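Anchor point for the sequence shown: position 5 equals 5 in UniProt numbering, and the numbering is continuous, going up by one each time.
Keep in mind the hints are simulated off the structure, nothing from the lab.
The structure presented is a predicted model; accordingly, all values stated were derived computationally and were not measured.
Where is the CB? At the ideal position from N, CA and C, for every residue including glycine.
Among the hints, a few may not be true.
Straight-line alpha carbon distances no greater than 25 Å define the calculated PhoX-like cross-link-like pairs of lysine-lysine that follow [unchecked claim]:
{"hint": "1", "residue 1": "K67", "residue 2": "K29"}
{"hint": "2", "residue 1": "K39", "residue 2": "K77"}
{"hint": "3", "residue 1": "K17", "residue 2": "K7"}
{"hint": "4", "residue 1": "K39", "residue 2": "K17"}
{"hint": "5", "residue 1": "K108", "residue 2": "K7"}
{"hint": "6", "residue 1": "K39", "residue 2": "K7"}
{"hint": "7", "residue 1": "K8", "residue 2": "K108"}
{"hint": "8", "residue 1": "K67", "residue 2": "K77"}
{"hint": "9", "residue 1": "K29", "residue 2": "K17"}
{"hint": "10", "residue 1": "K39", "residue 2": "K29"}
{"hint": "11", "residue 1": "K77", "residue 2": "K66"}
Pair ranges (Cβ atoms, derived) [claimed, not checked]:
{"hint": "12", "residue 1": "L52", "residue 2": "N100", "range": "23 to 33 Å"}
{"hint": "13", "residue 1": "M13", "residue 2": "E51", "range": "17 to 27 Å"}
{"hint": "14", "residue 1": "E63", "residue 2": "F102", "range": "50 to 60 Å"}
{"hint": "15", "residue 1": "Q53", "residue 2": "F87", "range": "32 to 42 Å"}
{"hint": "16", "residue 1": "S6", "residue 2": "E73", "range": "49 to 59 Å"}
{"hint": "17", "residue 1": "M5", "residue 2": "Q99", "range": "23 to 33 Å"}
{"hint": "18", "residue 1": "I94", "residue 2": "Q48", "range": "34 to 44 Å"}
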Amino acid sequence: MFQDMSKKLNVSMEPIKELMEIQTRMLEKLTEQQIECAKACMNQTMSQTRELQSCGSAQELIELQKKYTQTVEATLKNASSENLETFNEAREAIERLTQNTFDAFAPKK
């Protein structure tokens with residue numbers, strides 16, 4: 001009797017375990033993406049700082065700053081796209097899990 005109850009509990013907890021796995025994978029992937037984005041931004045800032053030292057005029061400074069801003073903007077847009085893709089993958093996995101779980105408990109016709 002206890003083994004049957006334990007088995008039923010484990011079976012009923014499977015969707016929750018899978019949900020936790022989906023969320024864990026999503027958070028790990030998002031963390032990796034954010035770390036890469038932060039590294040890229042820091043590298044761009046360090047490069048910008050080195051290049052600033054060689055500026056000889058205000059016009060060069062403006063062009064350098066414009067280039068830096070565009071590079072950072074592209075990096076952030078790319079990170080945003082990757083993050084949205086990760087969220088969408090997780091959402092789709094959760095939707096499949098939810099549908100499969102409801103189907104498993106739905107009355108058979």
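field: Structure-inconsistent hints, enumerated in ascending order
entry: 1, 4, 6, 12 and 13
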